[in-house]
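Novice: Chain residues, written in single-letter form:
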Amino acid sequence: MQHSFGQRWGDRLIDAAVTGAVWCYFTLGFVVLFSPRYIVASFCPQHREERFQRFNSRFYQGFFALVRLLVPRHRWHIDPQAAAIRGSVIICNHVSYLDPLLFISLFERQKTVVKTSFFKVPIFGWVLRHAGYFPADSSGRYGRIMIEQVERMAGFLAAGGNFFIFPEGTRSRDGSLGTLNRGALKIARLCRAPIQVVRLANTDKLYRPGRFFFTTRSANTISMSLVERIEPDEVRELGVADLERRIAAALRRQAEPAQCGADRPDCRDARQHLSVQP
Amino acid sequence: MTREELQERILSILEHDFEFEAPGLTDNLRDDHGFDSIDAIELLGKIETMLGFTLSREEKEQAMSIRTINDILDYIEQIRSARQS
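Here the protein sequences line up with chains A and B, keeping their order. Counting from 1, position 41 in the first sequence corresponds to residue 41 in my numbering; the numbering is continuous, with no gaps. Counting from 1, position 77 in the second sequence corresponds to residue 1077 in my numbering; the numbering is continuous, with no gaps.
Read the hints as simulated data drawn from the structure, not as lab findings. Model, not experiment: these values are computed from the prediction. Don't be surprised by glycine CBs; every beta carbon is placed ideally from N, CA and C. Since no wrong hints were added, every one of them can be taken at face value.
Quick partial rundown of chain B residues pointing at chain A, CB under 7 Å, derived from the structure:
(1) Glu-1019
(2) Asp-1036
(3) Ser-1037
(4) Ile-1038
(5) Glu-1042
(6) Lys-1060
(7) Met-1064
Extracted from the complex, chain B is given alone in its bound form:
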């Protein structure tokens, strides 16, 4: 999956499941969309389904520092490449 495809899927999840309106890649998730740590944990579940594997506790903890959609995409790419290497 390319970054563009990944971006499309994440935006779709954020709009449909988290009620985001017109999300921007650099929006502050918490301040602009009320996205909190509970949402982050729910999103991690959806990312696991998307990637087809379970994230470790350490990988999940890393996600707690995500601030923007770009951060989410970077996070997923980093996890994916770490698993492939």
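For reference, chain A alone in the conformation it holds in the complex:
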């Protein structure tokens, strides 16, 4: 469909306005609404990590509530089974910067791997460290953080936390699946935790790689689906190479709509999260 010159510019103006509003939330919203909570929580080392994770989750819930309000043409389908995941290593494809934020908003207890350079950013790096996130690199002073976090991971997962990771390491520009890093699979084996494979689609239509502005005016459905669950026993039995192949195959499969039955207690739990929307 051809758009007129005026309509294209109108769309761009709306994209710019929405992006500006979202950035205001990111900066001013953080400073005004959230930074006091982080500061108070930082004085309580015993519960600091848990509280930082919860605040992160709330902050991004607010972010996505704002995005949904401002960008109604993008619809969201979050598989309730995916939203109900607990105590697992979650593996997901990566298409947009929004992907990790979406996971943080969905899970109150969450950890992930973050680009090491982000740990050097003032305030942001402080939040990442105290939230218990991992640096991607373990060299130098980051080795200590890596060792501490890996050693505490089994307890974190056993307490219901989720460790989510995008094993491709970087966003896919064309939707195809890149090479998977095996670190998360090794953590699942080490911690005897289940692996849940989740497929995300179309977050890149809302926030495209390489673009600064949100794309707000085109109709789109963003979806998150649980496509595979690998039990801890299987995780231990399968070699890392076999695990990687199975996960890659699952991520390449077209996601089926969630089928919940009476024999699926996790689905019953999931129904309680039907209202969960990013």
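Please build the complex by placing chain B on the supplied structure of chain A, with the hints as guidance.
Specialist: For chain B alone, coordinates are given in the frame of chain A:
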């Protein structure tokens, strides 16, 4: 335990638990066998079991710079001798 015995045990662990194929003493662990920091932390747990004592945080951090199987053997010998002295 002699260095030869130590080498045998480490090679056995690497082959059975870390799926190494035909490991060489000077192979680059990361490039040749995909051995990363998570593996290093898992291996440290096995080294602790083998040595019969818990490694300190500083000793574990030292292990993050290991690059070859020879480095692993040197590391264990160094830890052992430091504890004995």
